[in-house]
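Asker: With the hints as extra help, turn the sequences into a complete structure.
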Amino acid sequence: RMVLSSVVAANEMRAALPASYLSLSMVPFASISLGMGALSWFLPRRVFLAVDNFLYSSYMRMCLFVFENVAATRINFYGDIESVISQRESAIVLSNHQSNVDWVVITMLANRQQGSECGLRFMMKYAIHYVPLFGWYTFQHGFIYVRRFGNVVWSTVERQLSFLKALNEPFWLLIFPEGTRFSPKKRAIIDSSRLYCESIGIPAFDNLLTPRTAGFILALTYLRDSIDAIYDVTIAYEQSRGVGREKCAPDMFEFVCSTNPQRTLHIHVRRFPVDALPDDQALIKRWLIERYQIKNGMLEAFYKGEELPDLSIANAPRVSFALTIPPSLFFLSALIAPFFSKTVRSIYLITLCSSPVLILWLRLRGCV
182 RMVLSSVVAA
192 NEMRAALPAS
202 YLSLSMVPFA
212 SISLGMGALS
222 WFLPRRVFLA
232 VDNFLYSSYM
242 RMCLFVFENV
252 AATRINFYGD
262 IESVISQRES
272 AIVLSNHQSN
282 VDWVVITMLA
292 NRQQGSECGL
302 RFMMKYAIHY
312 VPLFGWYTFQ
322 HGFIYVRRFG
332 NVVWSTVERQ
342 LSFLKALNEP
352 FWLLIFPEGT
362 RFSPKKRAII
372 DSSRLYCESI
382 GIPAFDNLLT
392 PRTAGFILAL
402 TYLRDSIDAI
412 YDVTIAYEQS
422 RGVGREKCAP
432 DMFEFVCSTN
442 PQRTLHIHVR
452 RFPVDALPDD
462 QALIKRWLIE
472 RYQIKNGMLE
482 AFYKGEELPD
492 LSIANAPRVS
502 FALTIPPSLF
512 FLSALIAPFF
522 SKTVRSIYLI
532 TLCSSPVLIL
542 WLRLRGCV
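To convert a position in the sequence shown, counted from 1, into our numbering, add 181.
Read the hints as simulated data drawn from the structure, not as lab findings.
Ideal placement from N, C-alpha and C gives every residue a C-beta, glycine not left out.
There's no promise every hint is true.
[What the hints assert, rightly or not] Okay, the calculated beta carbon distance ranges per label pair: (1) F521 <-> S264: 45 to 51 Å; (2) A503 <-> L541: 37 to 43 Å; (3) E379 <-> N281: 27 to 33 Å; (4) L348 <-> S522: 33 to 39 Å; (5) D409 <-> L376: 35 to 41 Å; (6) R375 <-> F229: 19 to 25 Å; (7) D409 <-> E481: 30 to 36 Å.
[What the hints assert, rightly or not] Straight-line Cα separation of at most 27 Å, DSSO-like style, residue types lysine-lysine; simulated pairs: (8) K466 <-> K523; (9) K485 <-> K366; (10) K306 <-> K428.
Answerer: Have a look at this one:
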């Protein structure tokens with residue numbers, strides 16, 4: 182009985198350990214960031230951004246260690262991947278959204294573009310700014326929060342877009358136009374999406390939600406002169422077409438810890454030079470909907486057993502351990518340090534206690 186209990190406990194820990202590692206690492210990450218924030222009053226902006234990028238890139242590479250190296254993920258790239266990874270450039274990235282793993286998938290793609298994960302920013306739903314420490318830091322780094330319901334405060338969105346526009350370095354802005362994750366289990370949301378398609382006279386989407394266009398249009402309008410391209414990314418999970426899955430994508434726990442051997446990612450990318458997109462907002466909206474109709478067709482074929490079109494790199498080499506092991510060991514050491522140092526414990530306690538103050542600061546400053 183004791184052996185059986187140990188096996189069950191170990192199996193449960195397989196899911197808990199990666200999640201705890203990533204979540205708890207935000208404490209030392211935020212502690213360092215707060216210290217850097219104090220130094221920003223004295224450091225030149227260029228130096229501060231370089232240090233901040235290094236810290237952010239280290240955390241993202243730690244995530245790649247968990248989701249790519251540890252999970253032994255197989256990745257197939259399709260479409261214009263060669264032109265995307267050939268040189269660093271600024272881009273708006275549009276992707277379908279079906280799992281809380283999607284952001285890591287885009288990080289995997291960014292890493293292939295000569296380490297562009299340090300410049301990856303996200304347009305995210307407003308509620309995420311309440312996540313302790315994470316919400317505060319990501320705003321400082323140029324993430325954009327938008328409300329899914331009620332009136333969008335466009336002035337805060339424009340402020341963050343201006344921040345990106347002023348960066349003197351390449352960046353990616355990831356947008357999930359669907360606004361929330363697609364899942365066959367979310368019948369009310371799917372029905373609402375279908376009704377909206379009927380109201381505007383377009384075919385309903387079976388594998389996606391109707392894309393919301395306002396955020397993309399605003400971002401493109403503000404950043405057109407600062408970006409080089411638009412990347413249209415379609416993510417498909419091999420696990421989602423398994424027996425009985427009914428198109429359900431894996432979540433973080435299942436993706437990393439599942440014993441299912443079908444841990445394969447299919448990533449299709451189309452690159453559009455920014456000059457190829459129209460200026461008129463109505464035409465931009467039509468362009469985005471057309472892209473999602475094409476995306477819907479690709480996913481429909483995928484779920485029927487076909488592959489995504491234009492395979493370019495099959496079983497791509499995983500990100501190098503030389504890039505992921507050092508930051509992973511650093512954050513692991515930072516998590517162990519409080520057990521041996523009273524000073525470190527005090528610093529982390531101050532950081533945790535400051536979280537409500539940081540959220541309040543975001544609201545008082547009109548940041549969200």
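Asker: Each hint should be assessed against the structure and marked as holding or not.
Answerer: Going through the hints against the structure:
no., hint, result
1, F521 <-> S264: 45 to 51 Å, "49 Å, holds"
2, A503 <-> L541: 37 to 43 Å, "41 Å, holds"
3, E379 <-> N281: 27 to 33 Å, "30 Å, holds"
4, L348 <-> S522: 33 to 39 Å, "36 Å, holds"
5, D409 <-> L376: 35 to 41 Å, "37 Å, holds"
6, R375 <-> F229: 19 to 25 Å, "48 Å, violated"
7, D409 <-> E481: 30 to 36 Å, "31 Å, holds"
8, K466 <-> K523, "56 Å, violated"
9, K485 <-> K366, "19 Å, holds"
10, K306 <-> K428, "24 Å, holds"
Checked against the numbered hints above, the structure violates hints 6 and 8; every other hint is satisfied.
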